[in-house]
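Engineer: Quick note, the sequences are listed as chains E and S, same order. For the first sequence, this note's numbering assigns the number 1 to the initial residue and increments by one for each residue that follows. For the second sequence, this note's numbering assigns the number 1 to the initial residue and increments by one for each residue that follows.
Keep in mind the hints are simulated off the structure, nothing from the lab. All figures in this text were calculated on a predicted structure; none of them were measured in a lab. For glycine and all other residues, C-beta sits at the position ideal for the given N, C-alpha and C. Hints should not be assumed to be uniformly reliable.
Some chain E residues near chain S, calculated using beta-carbon distances under 10 Å [stated by the list, open to error]: (1) R25; (2) S27; (3) G228.
Cβ pair distances, simulated, as ranges [as the list claims (entries may be wrong)]: (4) E215/E / G168/S: 49 to 59 Å; (5) F31/E / I218/S: 51 to 61 Å; (6) R21/E / N184/S: 42 to 52 Å; (7) H139/S / R21/E: 24 to 34 Å; (8) W39/E / T26/S: 39 to 49 Å; (9) L43/E / A113/S: 55 to 65 Å; (10) R21/E / A173/S: 33 to 43 Å; (11) W39/E / S69/S: 43 to 53 Å; (12) G168/S / F31/E: 46 to 56 Å; (13) A291/E / R73/S: 29 to 39 Å; (14) A113/S / L200/E: 51 to 61 Å; (15) T10/S / L200/E: 13 to 23 Å; (16) N169/S / A291/E: 26 to 36 Å; (17) L200/E / R73/S: 24 to 34 Å.
Chain residues, written in single-letter form:
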Amino acid sequence: MMGGDRDPWPPVQRPRFAWIRDHWRVSRDCFTLACRRLWSSLLVWLLIGISLALPAALYLLQRNLAAAAGQWDGRPSFTVYLQTGIEIGVAEGIADRLDAQPEVERAWVITPQQALAEFSEGLTITDALEVLGENPLPASVRATVADGVSEGELQRFIAEQSAAEGVDEVVLEKAWLERMAAISDFVGRVGWILAAVFGLGAALVTASSVRLVIESRLEELSVQKLVGGTDAFVRRPFLYFGLFYGVGGGMVAAMLVAGSLVALEAPLVTLFDSYKERLTIEGMGGPLVGALLGVGGLLGLFGALIATNRRLKQVELA
Amino acid sequence: MGSIALHDVTKRFDNGQEALRNVSLTFDEGSMAFLTGHSGAGKSTFLKLLLLLQLPTQGQIVVNGVNISQLPRRRIPRYRQHLGAVFQDHHLLSDRTVLENVALPLVVTSMRARDIATRARAALSMVGLLAKERLYPSHLSAGEQQRVGIARAVVNRPNLLLADEPTGNLDPALSREVMGLFVNFRRIGATVIVATHDQHLIETMGVRVIELDSGRVIRDEAPGA
Ligand SMILES: Nc1ncnc2c1ncn2[C@@H]1O[C@H](COP(=O)(O)OP(=O)(O)OP(=O)(O)O)[C@@H](O)[C@H]1O
Ligand SMILES: [Mg+2]
Chain E
1 MMGGDRDPWP PVQRPRFAWI RDHWRVSRDC FTLACRRLWS SLLVWLLIGI
51 SLALPAALYL LQRNLAAAAG QWDGRPSFTV YLQTGIEIGV AEGIADRLDA
101 QPEVERAWVI TPQQALAEFS EGLTITDALE VLGENPLPAS VRATVADGVS
151 EGELQRFIAE QSAAEGVDEV VLEKAWLERM AAISDFVGRV GWILAAVFGL
201 GAALVTASSV RLVIESRLEE LSVQKLVGGT DAFVRRPFLY FGLFYGVGGG
251 MVAAMLVAGS LVALEAPLVT LFDSYKERLT IEGMGGPLVG ALLGVGGLLG
301 LFGALIATNR RLKQVELA
Chain S
1 MGSIALHDVT KRFDNGQEAL RNVSLTFDEG SMAFLTGHSG AGKSTFLKLL
51 LLLQLPTQGQ IVVNGVNISQ LPRRRIPRYR QHLGAVFQDH HLLSDRTVLE
101 NVALPLVVTS MRARDIATRA RAALSMVGLL AKERLYPSHL SAGEQQRVGI
151 ARAVVNRPNL LLADEPTGNL DPALSREVMG LFVNFRRIGA TVIVATHDQH
201 LIETMGVRVI ELDSGRVIRD EAPGA
């Protein structure tokens with residue numbers, strides 16, 4: 001090199017805010033070009049939208065399941081099974097006594113008829129009676145645990161209650177909570193796997209769409225390089241395209257998920273109501289929409305980067 | 001700015017074709033030369049090597065003291081920003097107006113839009129096409145397209161101007177005008193190399209003539225020699 005003191009090809013003087021102007025010019029160009037290719041742009045948005053919507057929906061489902069599990073977890077219930085032949089009045093007495101305890105939020109009597117109805121869930125009551133003969137189930141008392149009762153306190157409390165007169169056994173209802181947690185964990189993992197697979201899909205969709213755009217502007221690409229356009233300069237419009245496709249896809253995904261939620265909300269509410277619990281369903285919050293747009297944009301950029309890097313290397317030497 | 005030295009440059013293509021063989025030449029800063037020779041002699045290849053569109057198979061090309069074949073990839077754009085090139089097949093963008101085409105070498109340097117327009121119009125008026133700035137290249141005659149290419153080559157005030165058959169489609173009067181333009185650039189310090197078949201220009205312009213034959217230099221005559 002010719003002594004480091006003088007650069008034979010000094011950079012052309014760039015105004016301070018040149019990059020703002022560059023980006024503005026490029027985004028305008030991209031917008032017009034995308035409008036010209038409106039149908040293929042819409043198609044790409046839809047493809048990316050669907051790829052992103054599925055993992056997003058699973059994420060929401062998982063969040064709701066976890067929230068549901070969490071809400072119950074903080075307030076487990078237990079059932080005090082009474083010895084057979086105990087009068088309903090005794091059961092009511094126990095329920096009242098439990099109700100008065102600070103550990104208990106609410107206690108109520110399950111009559112033998114209600115117990116039978118629960119037992120025969122899925123069967124008709126007459127079927128169940130045929131199997132069992134007459135209703136053999138004793139009355140029981142169900143109680144929900146008050147907030148802030150620790151696991152240890154609860155265990156001690158239940159042991160105490162088990163020893164009370166007329167009580168057969170006290171069962172803490174946790175099994176289905178564990179199942180719920182397991183399901184939510186499973187759904188969460190499926191969501192991650194799908195997010196990875198479909199995210200890759202979304203990136204590839206943008207990559208191939210950007211490739212198409214590049215092919216249609218190959219001449220421009222090589223002329224720009226010919227007159228001294230840097231890689232960054234040549235690449236910029238295509239990155240904008242990727243971003244545009246990705247963010248649009250994220251928008252479509254958000255709409256798809258929001259639409260499904262509207263359709264699913266009523267049955268979900270009914271389902272949760274049947275557990276006598278008030279549950280708020282977590283819907284599309286701003287953060288989720290933001291995340292969809294952000295992830296979509298990043299995947300789009302990533303796809304465009306793959307596509308342009310490959311092509312830029314190829315046009316390097318004509 | 002604009003001295004060139006080729007040391008024993010050979011360009012062999014993948015198919016074994018040798019477009020240039022052991023070419024050693026020097027061009028002083030601010031000098032002008034015609035590159036001539038029959039079709040296929042290697043003129044375009046010579047210019048493409050200087051543009052870094054191709055790399056020599058052997059030998060060194062030193063521009064402004066720098067061996068350009070070893071220029072790192074990221075430095076190539078800046079090197080080209082200081083060049084002006086007229087191509088045999090124009091390389092104009094069909095979906096850009098004449099003015100936008102001429103402005104392109106300035107746009108890639110992120111110059112201010114107002115300055116770009118001013119300089120692009122100045123370049124267009126040098127080739128007499130200011131009135132057609134809004135047209136698209138397909139609406140121009142072959143000679144007009146060629147002049148747009150010339151305007152684009154000089155718009156960035158290059159210190160090395162390379163032109164491949166710039167007058168191929170021009171009538172004698174226009175050819176002389178374009179050559180006059182190139183001579184002016186040479187006067188402000190640019191090195192100018194023009195590949196041409198035009199014997200009349202070669203004989204009347206009084207500049208150095210380098211003749212290639214099958215990739216070898218067979219004549220290198222300074223003016224008045
Ligand atoms: N990419 C390539 N691959 C193989 N051979 C090539 C390639 N480019 C050029 N050549 C060969 O190199 C030789 C020189 O080509 P070049 O284009 O430099 O000739 P030229 O002097 O510019 O001719 P013309 O006056 O017709 O433009 C020719 O024989 C051509 O076939
Ligand atoms: Mg040629």
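Engineer: The structure should be examined with respect to each hint, and the outcome stated for every one.
Structural biologist: Hints, one by one, checked against the model:
Contact between R25/E and chain S, as hinted, is supported at the beta carbon level, the nearest pair being about 8 Å apart and thus within 10 Å. At its closest, the beta carbon of S27/E sits 15 Å from a beta carbon of chain S; the interface hint therefore is violated under the 10 Å criterion. Annotation: interface hint on G228/E holds; nearest CB of chain S at approximately 3 Å, less than 10 Å. A C-beta distance of roughly 30 Å is found between E215/E and G168/S, which places it outside the suggested range of 49 to 59 Å.
At about 56 Å, the CB distance of F31/E to I218/S agrees with the hint of 51 to 61 Å. With their beta carbons about 31 Å apart, R21/E and N184/S fall outside the hinted range of 42 to 52 Å. Here the CB-CB span from H139/S to R21/E is close to 29 Å, well matched to the stated 24 to 34 Å. Between W39/E and T26/S the C-beta distance comes to about 58 Å, which lies outside the given range of 39 to 49 Å.
A hinted range of 55 to 65 Å is violated for the C-beta pair L43/E and A113/S, which are about 34 Å apart. Our hint of 33 to 43 Å for R21/E and A173/S holds, since their Cβ atoms are close to 40 Å apart. Distance hint for W39/E and S69/S: a CB-CB separation of about 46 Å, consistent with the stated range 43 to 53 Å. Range check, G168/S to F31/E: Cβ separation about 39 Å, and the 46 to 56 Å hint is violated.
With their beta carbons about 37 Å apart, A291/E and R73/S fall inside the hinted range of 29 to 39 Å. In this structure the supplied range 51 to 61 Å is violated for A113/S paired with L200/E, their Cβ-Cβ distance being about 40 Å. Our hint of 13 to 23 Å for T10/S and L200/E is violated, since their Cβ atoms are close to 46 Å apart. Between N169/S and A291/E the Cβ separation comes to about 58 Å, which falls outside the hinted range of 26 to 36 Å.
One distance hint, 24 to 34 Å for the beta-carbon pair L200/E and R73/S, holds here, with the actual separation near 29 Å.
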